[in-house]
Amino acid sequence: MVKYKLTVDEPWGFNHNGSNILHGIVIKQLSPTFLLFKSDSFLDFNGQKSCILILKPRYEKEYFDLETNVDVIVGGALCLENKYEEKNEEYLISHSQYMLIGRIEKINVGNNQLNS
Numbered sequence: 001m002v003k004y005k006l007t008v009d010e011p012w013g014f015n016h017n018g019s020n021i022l023h024g025i026v027i028k029q030l031s032p033t034f035l036l037f038k039s040d041s042f043l044d045f046n047g048q049k050s051c052i053l054i055l056k057p058r059y060e061k062e063y064f065d066l067e068t069n070v071d072v073i074v075g076g077a078l079c080l081e082n083k084y085e086e087k088n089e090e091y092l093i094s095h096s097q098y099m100l101i102g103r104i105e106k107i108n109v110g111n112n113q114l115n116s
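Under full-length UniProt numbering, think of the first position of the sequence shown as 1, with each following residue one higher.
Check the hints yourself; a few may be wrong.
When the alpha-carbon atoms are kept at most 25 Å apart in a straight line, the in silico SDA-like pairs for lysine to any residue are as follows [what the hints assert, rightly or not]:
{"#": "1", "residue 1": "Lys5", "residue 2": "Asp40"}
{"#": "2", "residue 1": "Lys61", "residue 2": "Gly18"}
{"#": "3", "residue 1": "Lys28", "residue 2": "Gly13"}
{"#": "4", "residue 1": "Lys5", "residue 2": "Leu92"}
{"#": "5", "residue 1": "Lys106", "residue 2": "Gly47"}
{"#": "6", "residue 1": "Lys28", "residue 2": "Cys51"}
{"#": "7", "residue 1": "Lys28", "residue 2": "Phe45"}
{"#": "8", "residue 1": "Lys61", "residue 2": "Asp40"}
{"#": "9", "residue 1": "Lys49", "residue 2": "Ile73"}
{"#": "10", "residue 1": "Lys87", "residue 2": "Leu66"}
{"#": "11", "residue 1": "Lys28", "residue 2": "His95"}
{"#": "12", "residue 1": "Lys106", "residue 2": "Ile25"}
Restraint-style ranges between C-beta atoms, simulated for each label pair [what the hints assert, rightly or not]:
{"#": "13", "residue 1": "Gly18", "residue 2": "Lys61", "range": "34 to 44 Å"}
{"#": "14", "residue 1": "Gly47", "residue 2": "Thr68", "range": "31 to 41 Å"}
{"#": "15", "residue 1": "His23", "residue 2": "Val70", "range": "29 to 39 Å"}
No lab work stands behind these hints, which were simulated from the structure alone.
All values derive from a computational prediction rather than experimental measurement.
Each residue gets a CB set at the ideal place from its N, CA and C atoms; glycine is no exception.
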């Protein structure tokens, strides 16, 4: 299983367990510009809780290439839908709450980079 690190840049005061870093996996890529990311722990934002984030590239000409180690600047929204498996992008976006700007990158768990 490939692990990813999501470093939250905004909101500036974002703090999750004493850090601005979330670890997790990509559970589904709906398109080159739409990922479902599952955090290793639940997030609480404006009274809503979920471990699923919708991630989209922040800049127009960027896309996700999960085979490379290149980081991508993303906008992230907390997915408010528990049954996301059969849903399309439009539906998921309409059932989410925008919460962050950050960078996602693949991490090498074998070299103990999980804690970086």
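Taking the numbered hints from earlier one at a time, note which ones the structure violates and give those numbers from smallest to largest.
2, 3, 5, 8 and 15
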